[in-house]
Amino acid sequence: MKSSFRQTEILDIARREGKVTVEGLAAHFDVTVQTIRRDLSDLDEARQLNRVHGGAVLASGTSNVAYGERREFLAEEKAAMARLCAAQIPNDCAVFLNIGTSTEAVAAELLTHTGLLVVTNNMNVAHTLDRNPDCEVIVTGGTLRRGDGGLIGAMTVDAIRRFKFDYAVMGCSALDAEGDVLDFDIQEIGVSQAIIAQARVPVLVADHSKFQRSAPGRICSLADMHTLITDRPLAPALAASCRNWQTAVLVADGFAT
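Sequential numbering of the sequence shown, starting at 1, is according to my numbering.
No wet-lab data here; the hints were simulated from the structure. As the structure is a prediction and not an experimental result, all values here were calculated from the model. Please note: incorrect hints may appear among the correct ones.
[What the hints assert, rightly or not] Label-pair restraints from in silico Cβ distances:
#  : residue 1 : residue 2 : range
1  : Gly24     : Asp134    : 46 to 54 angstroms
2  : Gly254    : His127    : 36 to 44 angstroms
3  : Ser3      : Ala87     : 44 to 52 angstroms
4  : Ser3      : Pro236    : 37 to 45 angstroms
5  : Gly54     : Ala235    : 23 to 31 angstroms
6  : Gln246    : Arg161    : 20 to 28 angstroms
7  : Phe29     : His208    : 41 to 49 angstroms
8  : Leu117    : Ala154    : 20 to 28 angstroms
9  : Asp166    : Asp42     : 27 to 35 angstroms
10 : Gln88     : Ala154    : 26 to 34 angstroms
11 : Ala46     : Glu23     : 18 to 26 angstroms
12 : Thr143    : Asp92     : 28 to 36 angstroms
13 : Thr112    : Ala235    : 30 to 38 angstroms
14 : Asp134    : Asp42     : 21 to 29 angstroms
A virtual CB, placed ideally from N, CA and C, is assigned to each residue, including glycine.
Throw the hints in and build the complete structure from the sequences for me.
Spelled out as structure tokens, the structure:
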């Protein structure tokens with residue numbers, strides 16, 4: 001296989017799984033580890049992957065993954081989780097919605113809510129909720145991440161700290177078996193931590209694919225979340241941990257197989 005074709009497939013694997021290992025790729029392609037190391041170095045130089053010990057992870061940010069593709073991925077599951085999430089949010093409250101396609105889906109389900117104050121660092125959420133005349137929308141400001149319409153950086157954190165939210169609805173890049181909530185973009189982690197600190201009820205919306213990925217940056221533990229909304233039951237050990245942490249776990253109807 002030509003290196004260009006192999007590197008394209010390496011990127012596809014990294015996008016699905018969040019990371020790749022030298023040994024795993026060498027076995028997958030039946031080539032030497034030296035060949036894989038050269039491939040990963042090429043991808044690192046092209047800023048498509050970041051080299052780490054033993055392998056590589058997706059480059060910081062999400063510009064290397066088409067945002068439209070992420071919107072369509074597990075679209076039915078995201079819609080079901082969004083309906084379940086919106087059902088937990090009453091009228092006449094303050095809500096934060098952060099970056100991600102899952103939170104965009106939640107925004108669409110809030111179009112019939114009344115008396116909401118929504119603060120967001122997601123331009124797509126702001127555009128969606130503009131269609132709700134009974135919803136006041138505040139955009140945090142910050143550095144625009146063009147790939148997905150997200151706003152990040154110190155200005156974003158400063159704006160978030162001016163508020164206290166009744167609910168914060170958040171997405172993430174990955175969740176590990178220990179219940180750590182993870183992200184690829186190191187700049188986004190501080191923003192997410194500020195959101196959690198300012199929310200009375202932080203809610204994480206994460207489909208089952210997030211449990212099959214890894215990312216280098218830790219935001220928090222599920223112990224820090226009030227509720228996890230997902231589309232598949234958790235592994236028994238993690239479910240037990242959530243019970244110990246008193247983190248509610250809600251599974252969207254129709255996907256609890």
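Hint check against the structure, violated hint numbers in rising order: Failing hints, ascending: 2, 7, 9 and 14.
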